[in-house]
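Peer 1: Single-letter residue listing:
2 protein chains.
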Amino acid sequence: MTLLGELYEREPPIPPEEYVRIGYSELKAFVTSIFRAVGLSSEDAEVVSDVLVAADLMGISSHGVQRVRRYVDGILRCCVNPRPNIRVVRDRGAVALVDADGGLGHLAGVRAMEIALRKTEVYGVSLVLVRNSQHYGIAGYYALKAAERGYIGISSTNSEPLVAYVNTVGRTLGTNPIAVAIPRREPPPILFDAATAVVPVGKIELYSKLGRKVPEGWVIGEDGSVLAGDAVGVLEEIRKGRAAILPLGGLGEEFGGHKGSGLALVVDIICGVLSGAAWGVHVGYTVGTKPANVGHAFSAIDVESFIPREEFYERLEKYVLEIKSLRKHPSADRVWLPGEKAWLTSQTRLKIGIPIHKRVCRELNEIASDVGLGERLPCGT
Amino acid sequence: MTLLGELYEREPPIPPEEYVRIGYSELKAFVTSIFRAVGLSSEDAEVVSDVLVAADLMGISSHGVQRVRRYVDGILRCCVNPRPNIRVVRDRGAVALVDADGGLGHLAGVRAMEIALRKTEVYGVSLVLVRNSQHYGIAGYYALKAAERGYIGISSTNSEPLVAYVNTVGRTLGTNPIAVAIPRREPPPILFDAATAVVPVGKIELYSKLGRKVPEGWVIGEDGSVLAGDAVGVLEEIRKGRAAILPLGGLGEEFGGHKGSGLALVVDIICGVLSGAAWGVHVGYTVGTKPANVGHAFSAIDVESFIPREEFYERLEKYVLEIKSLRKHPSADRVWLPGEKAWLTSQTRLKIGIPIHKRVCRELNEIASDVGLGERLPCGT
Numbered sequence: 001m002t003l004l005g006e007l008y009e010r011e012p013p014i015p016p017e018e019y020v021r022i023g024y025s026e027l028k029a030f031v032t033s034i035f036r037a038v039g040l041s042s043e044d045a046e047v048v049s050d051v052l053v054a055a056d057l058m059g060i061s062s063h064g065v066q067r068v069r070r071y072v073d074g075i076l077r078c079c080v081n082p083r084p085n086i087r088v089v090r091d092r093g094a095v096a097l098v099d100a101d102g103g104l105g106h107l108a109g110v111r112a113m114e115i116a117l118r119k120t121e122v123y124g125v126s127l128v129l130v131r132n133s134q135h136y137g138i139a140g141y142y143a144l145k146a147a148e149r150g151y152i153g154i155s156s157t158n159s160e161p162l163v164a165y166v167n168t169v170g171r172t173l174g175t176n177p178i179a180v181a182i183p184r185r186e187p188p189p190i191l192f193d194a195a196t197a198v199v200p201v202g203k204i205e206l207y208s209k210l211g212r213k214v215p216e217g218w219v220i221g222e223d224g225s226v227l228a229g230d231a232v233g234v235l236e237e238i239r240k241g242r243a244a245i246l247p248l249g250g251l252g253e254e255f256g257g258h259k260g261s262g263l264a265l266v267v268d269i270i271c272g273v274l275s276g277a278a279w280g281v282h283v284g285y286t287v288g289t290k291p292a293n294v295g296h297a298f299s300a301i302d303v304e305s306f307i308p309r310e311e312f313y314e315r316l317e318k319y320v321l322e323i324k325s326l327r328k329h330p331s332a333d334r335v336w337l338p339g340e341k342a343w344l345t346s347q348t349r350l351k352i353g354i355p356i357h358k359r360v361c362r363e364l365n366e367i368a369s370d371v372g373l374g375e376r377l378p379c380g381t
Numbered sequence: 001m002t003l004l005g006e007l008y009e010r011e012p013p014i015p016p017e018e019y020v021r022i023g024y025s026e027l028k029a030f031v032t033s034i035f036r037a038v039g040l041s042s043e044d045a046e047v048v049s050d051v052l053v054a055a056d057l058m059g060i061s062s063h064g065v066q067r068v069r070r071y072v073d074g075i076l077r078c079c080v081n082p083r084p085n086i087r088v089v090r091d092r093g094a095v096a097l098v099d100a101d102g103g104l105g106h107l108a109g110v111r112a113m114e115i116a117l118r119k120t121e122v123y124g125v126s127l128v129l130v131r132n133s134q135h136y137g138i139a140g141y142y143a144l145k146a147a148e149r150g151y152i153g154i155s156s157t158n159s160e161p162l163v164a165y166v167n168t169v170g171r172t173l174g175t176n177p178i179a180v181a182i183p184r185r186e187p188p189p190i191l192f193d194a195a196t197a198v199v200p201v202g203k204i205e206l207y208s209k210l211g212r213k214v215p216e217g218w219v220i221g222e223d224g225s226v227l228a229g230d231a232v233g234v235l236e237e238i239r240k241g242r243a244a245i246l247p248l249g250g251l252g253e254e255f256g257g258h259k260g261s262g263l264a265l266v267v268d269i270i271c272g273v274l275s276g277a278a279w280g281v282h283v284g285y286t287v288g289t290k291p292a293n294v295g296h297a298f299s300a301i302d303v304e305s306f307i308p309r310e311e312f313y314e315r316l317e318k319y320v321l322e323i324k325s326l327r328k329h330p331s332a333d334r335v336w337l338p339g340e341k342a343w344l345t346s347q348t349r350l351k352i353g354i355p356i357h358k359r360v361c362r363e364l365n366e367i368a369s370d371v372g373l374g375e376r377l378p379c380g381t
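Protein chains in written order, with this note's numbering: chain A, 1 to 381; chain B, 1 to 381.
Honestly, I wouldn't trust all of these hints.
For chains that are exact copies, the list does not tell them apart, and a pair is met inside one copy or across any two.
No more than 25 Å apart at the CA atoms, straight line, and that leaves these computed lysine-lysine pairs for PhoX-like [as the list claims (entries may be wrong)]: (1) Lys328 to Lys358; (2) Lys324 to Lys358; (3) Lys290 to Lys318; (4) Lys324 to Lys209; (5) Lys240 to Lys328; (6) Lys328 to Lys290; (7) Lys240 to Lys213; (8) Lys290 to Lys209; (9) Lys358 to Lys203; (10) Lys290 to Lys351; (11) Lys209 to Lys358.
I should point out that these hints are in silico values taken from the structure, not numbers from a laboratory.
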């Protein structure tokens with residue numbers, strides 16, 4: 001089944017009158033200008049912009065340009081370093097440790113994955129950890145960098161506490177995502193990119209905008225009671241720090257809440273404890289009173305160290321075809337591969353532009369004005 | 001909080017009169033004799049027995065000696081090779097590919113993890129894949145081998161199809177577990193060991209024995225309807241191939257079913273597609289008409305390549321203490337670390353013996369008799 005001709009969007013602009021569509025190149029150049037204006041080098045500004053706009057392209061707007069304000073504030077107030085001296089502090093065989101010097105995670109992320117790719121070329125596999133970093137955007141971006149080179153890429157990070165540890169209340173763990181990208185003969189690559197929480201907070205934001213109800217099993221309050229229903233109210237409790245997102249697997253152990261929170265813990269121990277970064281409740285927010293000290297992990301696996309490339313692709317295409325031929329559940333619209341929705345959305349948006357909420361669009365213009373830029377996005381009326 | 005003095009068991013023998021307690025050494029020697037009698041070398045028989053009895057020690061009886069029949073039948077009928085020539089078929093830097101020659105997965109697993117540990121000593125990280133193998137028991141066993149050496153260990157495998165891919169019906173994926181073991185200054189190590197399915201089939205077996213009801217969200221029928229209630233009936237549907245276990249995250253995407261099945265798919269692509277083993281519906285059962293061609297993956301991470309060991313331990317103990325100090329959910333009995341229940345159960349059972357269901361005990365005696373052994377376990381009346 002090919003969907004190349006379709007204009008699919010995983011997160012369509014609803015209601016349409018609240019959005020404008022902005023061309024990929026225009027949006028990227030605009031965001032690049034902003035980061036240059038707040039002190040990043042031209043090259044670094046382009047890297048950060050590329051990661052953010054990629055998220056919008058893929059329909060993950062929660063991690064897209066709506067976060068520019070947060071990163072800019074972190075630079076202008078505290079404690080993001082706009083000109084980090086990103087250094088390899090340990091290097092041994094197939095592993096390395098990178099110190100991000102308090103710069104944006106996107107910069108250290110791209111650099112660390114490049115190191116991982118070079119090491120994988122020599123050793124077949126690699127692991128590069130990063131400490132003293134900041135939020136790095138979508139985990140999948142870095143994993144895809146490996147897949148573009150024909151490797152299997154893995155990327156993970158810890159993040160500020162939003163998620164309850166199993167059998168407890170309150171926020172202890174980040175949404176600590178895991179991304180794995182697997183190259184195919186033709187795009188799209190398989191891209192698994194998932195928070196180890198039951199949902200990302202961005203999904204609850206989306207529900208609140210759409211007037212949808214939060215189901216029981218996503219969020220718990222301080223007293224351990226399930227928070228559900230009106231998404232606006234649930235979101236407010238989360239924003240006020242009075243509620244936590246549940247781990248993948250939900251409340252308690254009956255449906256595997258110990259698995260989701262166990263995965264999040266393992267991610268945190270590797271990205272945070274082992275790297276020398278912060279962990280758990282100590283991981284900071286981008287705008288704060290001290291450096292966030294986020295930690296990341298990057299790995300790449302050389303396919304050809306195990307099997308001839310063409311044989312791998314042939315086997316994988318057989319598997320993909322088998323999955324696509326499975327009998328659909330009566331309640332499902334389609335059988336999807338991991339990353340397929342994101343890729344189709346990207347293709348659509350490269351053609352017809354990226355829907356940006358007018359509020360976000362105006363906010364970007366305000367930021368541009370604040371930092372002394374003359375250019376403006378066309379945000380409509 | 002230390003529980004060293006308590007006799008904790010995660011899976012207590014219920015009802016007690018259906019069980020006998022057998023000493024660890026006695027059980028292990030008995031099972032070793034059986035595998036020697038069906039053609040394994042003394043050394044190999046001891047390895048297989050050690051993995052199986054370890055599962056019973058840890059309270060994972062679904063993967064313990066109750067599976068001896070299955071493995072023995074695979075050897076005597078088809079298609080387990082009792083004297084495999086386990087070979088490294090590819091070896092490059094930090095990676096290797098092992099061909100298990102159709103032998104029991106425990107043998108290839110222990111061998112492959114040993115190779116991974118040697119490579120990690122040199123390169124800081126490693127990845128060893130295995131093809132042409134059989135069921136390897138509990139994933140955590142191999143990860144723990146790395147933790148015993150002071151490394152972080154990772155182990156994963158594919159397995160025969162029992163789990164539905166998200167938005168589809170029928171069995172496509174194995175329960176494809178992921179295990180990660182993290183060493184601590186003092187035992188127990190942290191041991192995350194979880195199927196990527198919402199539950200292992202062993203849990204439904206346990207519920208059927210205890211007369212408990214299967215909750216909605218574990219199992220779906222061929223028509224996509226939720227199967228719940230009477231566990232005996234649900235188990236029968238699974239055994240007849242008319243029902244599938246749901247992935248972690250459950251039915252559809254609302255609670256993350258795409259995450260659980262995505263993780264299972266990624267495990268299968270690395271363990272199966274990349275290694276040259278079978279994948280998805282092609283992975284065989286231990287007793288069949290052709291070799292199961294199971295695939296595994298093993299990795300180890302050298303802590304000291306990233307951080308001085310004592311610093312790692314100190315940071316980790318702080319994190320552990322923070323988790324243990326979290327406010328308990330009103331419905332929870334205790335805040336557990338991954339692997340803590342298994343470790344406490346092991347300590348208990350090393351002292352007072354391993355509870356073996358009398359039916360399983362008699363079955364072991366029958367197998368011993370069948371293969372010409374004189375010794376018998378004391379199975380009570």
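Peer 1: State for each hint whether it applies.
Peer 2: These are the hints, each one checked on the structure:
In this homomeric assembly, Lys328 and Lys358 never come within 25 Å of each other (Cα to Cα): the closest approach is 37 Å inside a single copy and 43 Å across copies. When the C-alpha separation of Lys324 and Lys358 is checked against a cutoff of 25 Å, the pair qualifies neither within a copy, at 37 Å, nor between copies, at 45 Å. Taking the shortest Cα distances, Lys290 and Lys318 sit within 25 Å of each other only across copies (20 Å), while inside one copy they are farther apart (50 Å). When the C-alpha separation of Lys324 and Lys209 is checked against a cutoff of 25 Å, the pair qualifies neither within a copy, at 33 Å, nor between copies, at 37 Å.
In this assembly of identical chains, Lys240 and Lys328 lie within 25 Å of each other by CA distance solely across copies; the values are 21 Å between and 41 Å within a copy. Neither within a single protomer nor between protomers do Lys328 and Lys290 lie at most 25 Å apart by alpha-carbon distance, with minima of 50 Å and 29 Å respectively. Only within a single protomer do Lys240 and Lys213 lie at most 25 Å apart by alpha-carbon distance; the minimum there is 19 Å, versus 38 Å between protomers. When the C-alpha separation of Lys290 and Lys209 is checked against a cutoff of 25 Å, the pair qualifies neither within a copy, at 32 Å, nor between copies, at 55 Å.
When the C-alpha separation of Lys358 and Lys203 is checked against a cutoff of 25 Å, the pair qualifies only within one copy, where the shortest distance is 19 Å, while the shortest distance between copies is 50 Å. With identical chains, the CA atoms of Lys290 and Lys351 are never at most 25 Å apart, being 41 Å at best within one copy and 50 Å at best between copies. When the C-alpha separation of Lys209 and Lys358 is checked against a cutoff of 25 Å, the pair qualifies only within one copy, where the shortest distance is 13 Å, while the shortest distance between copies is 59 Å.
Of the numbered hints stated above, those contradicted by the structure are hints 1, 2, 4, 6, 8, 10, listed in ascending order.
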